[in-house]
Amino acid sequence: MRFMMFMYPEISEEEWNPSAEDVAEMSRYNEELRKAGMLLSLDGLHPPGEGARVSFDSEGTSTVTDGPFAEAKEVVGGYWLIQARSKEEAVEWASRCPGKGCTVEVRRVFELEDFSQDVQEAVAGA
Amino acid sequence: MSGAATNRAIEAVWRIESARLVAGLARMVRDVGLAEDLAQDALVAALERWPRSGVPDNPGAWLMATAKNRAIDLARRQTTFERKQEELARDVGMRMAMDRSEFDAAVDDEVGDDLLGLIFTCCHPVLPREARVALTLRLLGGLSTPEIARAFLVKESTIAQRLVRAKRTLRDANVPFEVPGGEELAARLPSVLEVIYLVFNEGYAASAGEDWIRPALCEEALRLGRILAALAPDEPEAHGLIALLEIQASRGRARLGPGGEPVLLLEQNRGRWDLLLIGRGLRALERAEALRGPLGPYGLQAAIAACHARAREAEETDWVRIAALYDALAQIAPSPIVELNRAVAVGFAFGPESGLELLDTIAAEPTLREYHLLPSVRGDLLAKLGRGEEAAAEFERAAALTENERERELLLGRAATASAERA
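Going line by line, the protein sequences match chains W and E. Counting the first sequence from 1 gives a position; the working numbering is that position plus 38. Counting the second sequence from 1 gives a position; the working numbering is that position plus 1212.
For reference, chain W alone in the conformation it holds in the complex:
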């Protein structure tokens, strides 16, 4: 199974760029994941203020809002996609992350088999 680990750094956009020291520590962790054969991919993201949001109303009409945004509570700073044998194993890896003042959320990735038969057929027909 695959799990996505989202990093929520809980920092302001001004402090977004991590120090060399933090990066070195995180790289060690990433390397450990890689050498354990668990790591599928990972990325760090630019702050949300540099991005944009596309929202859809109930009619499906879209509106684009460019950053920066007023409310920014929980913003994703980056992610890891890992292969693990159980949720507990993914959680154990997440708890080894060298984080300070942040949250790592662990979410299982949908596999085709997790869907009902009609959804699977809809995917197959695509």
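No wet-lab data here; the hints were simulated from the structure. Computed from a prediction, not measured in an experiment: that's the story for all the values here. Among the hints, erroneous ones may be present.
What the hints assert, rightly or not - Calculated Cβ distances over 12 angstroms to all of chain W for the following chain E residues:
1. 1223
2. 1260
3. 1271
4. 1281
5. 1340
6. 1368
7. 1373
8. 1377
9. 1388
What the hints assert, rightly or not - Straight-line distance between alpha carbons at most 20 angstroms, and here's what the computed SDA-like set of lysine to any residue pairs gives:
10. W:125 - E:1219
11. W:125 - E:1424
12. W:125 - E:1218
13. W:125 - E:1324
14. W:73 - E:1325
15. W:73 - E:1442
16. W:125 - E:1215
17. W:125 - E:1263
18. W:73 - E:1498
19. W:125 - E:1498
20. W:73 - E:1495
21. W:125 - E:1268
22. W:73 - E:1215
23. W:73 - E:1324
24. W:125 - E:1227
25. W:125 - E:1409
26. W:73 - E:1447
27. W:73 - E:1409
28. W:73 - E:1494
29. W:73 - E:1270
30. W:73 - E:1424
31. W:125 - E:1223
32. W:73 - E:1323
Cβ coordinates follow ideal geometry from the N, Cα and C atoms, glycine included.
With chain W's structure known, arrange chain E on it following the hints.
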């Protein structure tokens, strides 16, 4: 945490730590069987202690320290270990005194070597192939004996016996616990690669709805292959194997139809191929190609798989390159199956006559006499040349040879189509 939740957490820690634990202990005691026993003792201690105390901050270090203490206890009772004892005690004392980051830093360099040593020991050529597979899954995958038995559809007692015998063989043969150096490493690598490839194929052959442990073998093989490539980055074939596995696994979702019937590569819905795994496979192949020397058998198979992976539609397939790669593969790893595939590729690349010509050179091959794919490929090429009657006869011959009911229907259908086209 509830008791059940703690047990699941311990199991997760075990899955992550057991291989490193056994590897580190095996380096100390020079016996993988004993190392496994010591590691198991540490696990039992954790199962007793952690539900009350909670999982420690650095569970790997805790397990290692506990196992080493057991080793020292054992050494005290065994005079043969006398001289080792002092050394062990010093080692453990030192490690226990260190905090987490120092511990990690101290063991980091050794851990890689230990793991690689364990991989090479589990896959040692003194062991028969199936023993190598069982021992690798047990000690590197952390799979239990019942899980291995279920995965390979054999009795639990068979696996248990296989494991006991394997560990005894390693002990009796005095197999040193080490990473072979230089030329010996290259010579012993194929037996490691073979084990990982076998585990993958066993999982890949499992059909949907089977016991989850069988398809999980694919993930385990991918994990082992990635570890090997990370620990032996200078070995082109380690990258070649993982490239092949990643690309094959990328087609997992597309290779079966809604009724569970196999879908041939060229007929698969490529939109269902896993782009992430394809990307990983292509990058691994690049690493293999960047290293010295020509590609080995796994690297070449990966390069062939990559040709298919790069084609967005079946019609875009670079058959000329595939034919050339099969040509290279036939030279370093000749087999009738490779020749058969080469004929298919040549047929696509240079026209059906060329394919047929090549096929004629291997038609007399005794190992292919009962192989249904030979007449099936011949039928294919003949049909393309408009020789419908001959094609139909080949398809019928193939249908009579296959043991797969669904395939037989498919072949008989093609025979009917071929003879209809003639009329």
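We went through each hint and held it up to the structure:
1. For residue 1223 of chain E, the requirement that its beta carbon stay farther than 12 angstroms from each beta carbon of chain W is not met, with the minimum near 7 angstroms.
2. Distance to chain W confirms residue 1260 of chain E as a non-interface residue, since its nearest Cβ pair spans about 19 angstroms, more than 12 angstroms.
3. Distance check on residue 1271 of chain E: its Cβ comes as close as 8 angstroms (rounded) to a Cβ of chain W, failing to clear the 12 angstroms threshold; non-interface status is violated.
4. Distance to chain W confirms residue 1281 of chain E as a non-interface residue, since its nearest Cβ pair spans about 23 angstroms, more than 12 angstroms.
5. Residue 1340 of chain E, annotated as away from the interface, keeps every beta carbon of chain W farther than 12 angstroms; the closest lies near 26 angstroms.
6. No beta-carbon of chain W is positioned within 12 angstroms of the beta-carbon of residue 1368 of chain E; the least distance is around 20 angstroms.
7. Non-interface status of residue 1373 of chain E relative to chain W is upheld: no Cβ of that chain comes within 12 angstroms, the nearest being about 26 angstroms off.
8. Every CB of chain W lies more than 12 angstroms from the CB of residue 1377 of chain E, the least distance being 27 angstroms, so the non-interface label holds.
9. Listed as a non-interface residue, residue 1388 of chain E keeps its Cβ farther than 12 angstroms from every Cβ of chain W; the least gap is roughly 24 angstroms.
10. Using a Cα cut-off of 20 angstroms, the hinted pair residue 125 of chain W and residue 1219 of chain E holds, with the two alpha carbons roughly 13 angstroms apart.
11. Restraint check for residue 125 of chain W and residue 1424 of chain E: satisfied, since their Cα atoms lie roughly 16 angstroms apart, inside the 20 angstroms limit.
12. For the hint pairing residue 125 of chain W with residue 1218 of chain E, the CA-to-CA distance comes to about 13 angstroms; that is within 20 angstroms, so the pair holds.
13. The suggested pairing of residue 125 of chain W with residue 1324 of chain E is violated, with an alpha-carbon distance near 26 angstroms, which exceeds 20 angstroms.
14. This hinted pair checks out: residue 73 of chain W and residue 1325 of chain E have alpha carbons roughly 12 angstroms apart, not beyond 20 angstroms.
15. Distance hint between residue 73 of chain W and residue 1442 of chain E is fulfilled; the C-alpha atoms sit about 6 angstroms from each other, no more than 20 angstroms.
16. Simply put, residue 125 of chain W and residue 1215 of chain E have alpha-carbon atoms about 16 angstroms apart, close enough for the 20 angstroms limit, and the pair holds.
17. A threshold of 20 angstroms between alpha carbons decides the hint, and for residue 125 of chain W with residue 1263 of chain E the separation of about 19 angstroms falls inside it, so the pair holds.
18. The straight-line distance between the Cα atoms of residue 73 of chain W and residue 1498 of chain E is roughly 19 angstroms, inside the 20 angstroms bound, and the hint therefore holds.
19. Only pairs whose Cα atoms come within 20 angstroms are accepted, and residue 125 of chain W paired with residue 1498 of chain E is rejected, the gap being roughly 33 angstroms.
20. Note on residue 73 of chain W and residue 1495 of chain E: the hinted pairing holds, with a Cα-Cα distance of about 16 angstroms set against a maximum of 20 angstroms.
21. Distance restraint check for residue 125 of chain W and residue 1268 of chain E: the Cα-Cα separation of roughly 19 angstroms lies within the 20 angstroms cut-off, and the hinted pair is therefore satisfied.
22. About 31 angstroms separates the Cα atoms of residue 73 of chain W and residue 1215 of chain E, which puts this hinted pair outside 20 angstroms; it is violated.
23. For the given pair, residue 73 of chain W sits about 8 angstroms from residue 1324 of chain E by alpha-carbon distance, which is consistent with the 20 angstroms threshold.
24. At roughly 12 angstroms between alpha-carbon atoms, residue 125 of chain W and residue 1227 of chain E fall within 20 angstroms of each other, so this suggested pair holds.
25. The suggested pairing of residue 125 of chain W with residue 1409 of chain E is violated, with an alpha-carbon distance near 26 angstroms, which exceeds 20 angstroms.
26. Between residue 73 of chain W and residue 1447 of chain E, the direct Cα distance comes to roughly 15 angstroms. Compliance with the 20 angstroms bound is thereby established for this hinted pair.
27. Of the pairs offered as hints, the one joining residue 73 of chain W and residue 1409 of chain E holds, with about 19 angstroms between alpha carbons and a cut-off of 20 angstroms not exceeded.
28. Straight-line distance between C-alpha atoms of residue 73 of chain W and residue 1494 of chain E comes to about 19 angstroms, which keeps the hinted pair within the 20 angstroms bound.
29. The suggested pairing of residue 73 of chain W with residue 1270 of chain E holds, with an alpha-carbon distance near 18 angstroms, which does not exceed 20 angstroms.
30. Only pairs whose Cα atoms come within 20 angstroms are accepted, and residue 73 of chain W paired with residue 1424 of chain E is rejected, the gap being roughly 25 angstroms.
31. About 11 angstroms separates the Cα atoms of residue 125 of chain W and residue 1223 of chain E, which keeps this hinted pair within 20 angstroms; it holds.
32. Proximity of residue 73 of chain W to residue 1323 of chain E is assessed by CA-CA distance (about 10 angstroms); at most 20 angstroms being required, the pair is judged to hold.
Hints 1, 3, 13, 19, 22, 25, 30, counting from the list given before, are not met by this structure.
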